[in-house]
Amino acid sequence: MITRRSLVAGTAALGLAGTLPARAQSSSIVVGTWGGDYGALLQQNIDVPLMKPQGIEVSQDIANQDPRRTKLIAERTSRRSSMDVACINDIDSYMLSQLGVLETVPVAEVPRLSQVVDVFRKPHSIPHIYSALVVLYNPSKVTTPPTRYADIFDPKYKGRVGLSDILWNFNMAGANIGAGGTPTDFTKGKAALMDLKALQPKVYPSNETLAAALKSEEVWISLMWLARGFMWKQAGIPVEMAIPEEGALPILFEAGVPKNSRAKDGAFKYLNAMLDPQAQVAFARKMGYVPTVKDAKLPEDLAKQISLTEAQQAKLRPLDYATMQAQQGAFSDFWNKEFKA
Amino acid sequence: MFALILPAFLVVAALLVGPMVLLARISLNQYSPTQLMIEATTAQNYLNAVSDPYYRGVMGTTLLMAFACTALTLALGFPAAYRLARMESRWKSLVTVMTLIPLLVGNVVRAAGWLGLLGNDGFINASLRGLGLISQPLQLIYTPGAVAVGTIAVVLPYMILTLSSVIESIPRAVEEAAANLGASALTVFRRVVWPLALPGTVAGCVLVFILCMNTYATAVLLGGSQFKMMAPAVYDQFSRGMNWPFGAALAFILLAATLLLTVLGTALLGRRYAR
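Chain order of the listed sequences is A and B.
So for the first sequence, full-length UniProt numbering puts the first residue at 1; every next one is plus one.
So for the second sequence, full-length UniProt numbering puts the first residue at 1; every next one is plus one.
Just so you know, the hints here were simulated from the structure itself, not pulled from any lab data.
Heads up, some of the hints might be wrong.
[To be verified] Simulated crosslink set (DMTMM-like; lysine to aspartate or glutamate; CA at most 20 Å straight-line):
{"no.": "1", "chain 1": "A", "residue 1": "337", "chain 2": "B", "residue 2": "52"}
{"no.": "2", "chain 1": "A", "residue 1": "340", "chain 2": "A", "residue 2": "66"}
{"no.": "3", "chain 1": "A", "residue 1": "233", "chain 2": "A", "residue 2": "37"}
{"no.": "4", "chain 1": "A", "residue 1": "297", "chain 2": "A", "residue 2": "151"}
{"no.": "5", "chain 1": "A", "residue 1": "286", "chain 2": "A", "residue 2": "240"}
{"no.": "6", "chain 1": "A", "residue 1": "340", "chain 2": "B", "residue 2": "52"}
{"no.": "7", "chain 1": "A", "residue 1": "315", "chain 2": "A", "residue 2": "218"}
{"no.": "8", "chain 1": "A", "residue 1": "215", "chain 2": "B", "residue 2": "52"}
{"no.": "9", "chain 1": "A", "residue 1": "340", "chain 2": "A", "residue 2": "208"}
{"no.": "10", "chain 1": "A", "residue 1": "202", "chain 2": "B", "residue 2": "52"}
{"no.": "11", "chain 1": "A", "residue 1": "158", "chain 2": "A", "residue 2": "218"}
[Claimed, not checked] What the simulated footprint calls covered on chain A by chain B, stretch by stretch (three residues with Cβ under 8 Å from a Cβ of chain B suffice, anywhere in the stretch; the number is not a length):
{"no.": "12", "segment": "112 to 123"}
{"no.": "13", "segment": "195 to 206"}
{"no.": "14", "segment": "211 to 219"}
{"no.": "15", "segment": "335 to 341"}
Think of the CB as a built atom: it goes at the ideal place given N, C-alpha and C, for glycine as much as any other residue.
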């Protein structure tokens, strides 16, 4: 039976528990990341070999990109963030830094920043790995290899174009480049997507379901990361990758530390470890993403498959992050209400 | 007496009412792509949602799906609940537990099972192809039918258990008396069992209808990216479009529609029962 005395004692104990630190400062950190290969590679190449010897225990908070970004924003006024390191893509990294969610990365605490390729350096995040949006195709069905993003608009692929719903904004950006649009004006891209809609493209809920559709040859052509194409090809899915002549859209996967992290020391050590050359090469071998640090050397045959040539790198067509943020709602509405509906 | 309900009241107030009030406040704010939202008191988000044909369509799909799934669940659940209620065997408790088994598996895991069954390379298509009955896979997944099947599988145990407890409370002697007086099995059901079970039927339907209106995982995983119900649309606004005020307004519209239909349905059926 609950007496008044025991209730008061219990309440007091609860109050006391609230004042205790949930975990010791810097001795353990939570990394918000994708699951699957990405999470496993972090564990194998960073958490265990690089963080454990420093006395830092790492636990992962696994989720997709959209919920993680939403969680970070929802928690921005909280006393503490539920994660100390957040793995994010470049669009979200810009948005989160604009909204004041991310801490500035101190160069002194992340010395490996000196090795980062200059073009990738940003104040509120570190670049982890990168790739580019390419045209993925089944060589036995698409006999003339595509050369441009616009090839997915070809009427001969009616009903055979497959797109991943989770890459909605990157699909829009790729289609926009293909249609001759500019990073700040998606009018041409939207018009081209509406024309594509008449050719009954299939939109799959995830990258994995798109992979299954490519494998079963339900769809023949798609827009996808070069790295994913590499992985899927390794897994026996009949795909080849074509880097668009007009210039490919780059994607950077980054990591940052929320301002309200209670273990910033450990978190910055983690960012530093993410820039370790060996760890980055491991990501390249398994997932096909290219390192962002100058001293990570890839074996020649691997580099050929997953890297862009110098000429292709010179032609990269980066996003205009300010446009992507300002148009996030409008683009999402277009994708859901007009293109997919 | 008040002290007894105080802990539950505090928990509900803190964990449900508090966030709901916050959400209501957000729904009156103004969307800003650069600042997330600007503090305001405007009904514009509600007006936008109601006047947009896309969201009217999403609401229509949600209502249609919820009504159809509730009706089908009732049709499937009533005979099973009757059989369970009238069971006298020692296996009765085992059958009751077995009815509950689907609830032990989360919606996402269950939907993954349906993917394995209904997918293009799933069990059904693979079997039909193996038997030489089809050359191209049947489109079973990513269809409204798949969502209906998946949703019914989730809500059926709720209906069966609610109905069986009510049917159990109807004395068997009442049915036997009707039969003795010459009523056919159908008449016994129509004139005796159905009216007496109506309060439980209403409760079961309300419970199932609310669950169907708020279907999320099943709609996303089995309906695919082109099929849209309200709960995924709310999530999309928060998580993808970053338009929290509009997402909050959609959430309240869904809540209001569910509440209104639930109250109306209960009142109408309750009145019928009272007669």
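Against the structure, the hints come out as follows:
Straight-line distance between C-alpha atoms of residue 337(A) and residue 52(B) comes to about 10 Å, which keeps the hinted pair within the 20 Å bound. Distance check on the hinted pair: residue 340(A) and residue 66(A) sit about 19 Å apart at the alpha-carbon level, within 20 Å; holds. Taken as a hint, the residue 233(A) and residue 37(A) pair is honoured in the structure, with Cα atoms around 16 Å apart against an allowance of 20 Å. With a C-alpha separation of about 34 Å, the suggested pair residue 297(A) and residue 151(A) falls outside the 20 Å cut-off, and the hint is violated.
For a cut-off of 20 Å, the pair hint linking residue 286(A) to residue 240(A) stands: about 17 Å separates their Cα positions. This hinted pair checks out: residue 340(A) and residue 52(B) have alpha carbons roughly 16 Å apart, not beyond 20 Å. Simply put, residue 315(A) and residue 218(A) have alpha-carbon atoms about 32 Å apart, too far for the 20 Å limit, and the pair is violated. For a cut-off of 20 Å, the pair hint linking residue 215(A) to residue 52(B) is broken: about 38 Å separates their Cα positions.
In summary, the hint linking residue 340(A) to residue 208(A) is supported, as the alpha carbons are separated by about 19 Å, within the 20 Å threshold. As the CA atoms of residue 202(A) and residue 52(B) are separated by approximately 25 Å, the hinted pair breaks the 20 Å bound. Using a Cα cut-off of 20 Å, the hinted pair residue 158(A) and residue 218(A) holds, with the two alpha carbons roughly 12 Å apart. Given as covered by chain B, the segment 112 to 123 of chain A fails the check, having 0 residues with a CB less than 8 Å from a CB of that chain where 3 are the minimum.
For a cut-off of 8 Å, the count of residues in the segment 195 to 206 of chain A with a CB near a CB of chain B stands at 3, and the three-residue condition holds. With 4 residues having a beta carbon nearer than 8 Å to a beta carbon of chain B, the segment 211 to 219 of chain A meets the requirement of three or more and the stated coverage holds. By the rule of at least three residues with a Cβ nearer than 8 Å to a Cβ of chain B, the coverage given for the segment 335 to 341 of chain A holds, with 4 such residues.
The earlier numbered hints that this structure contradicts are 4, 7, 8, 10, 12.
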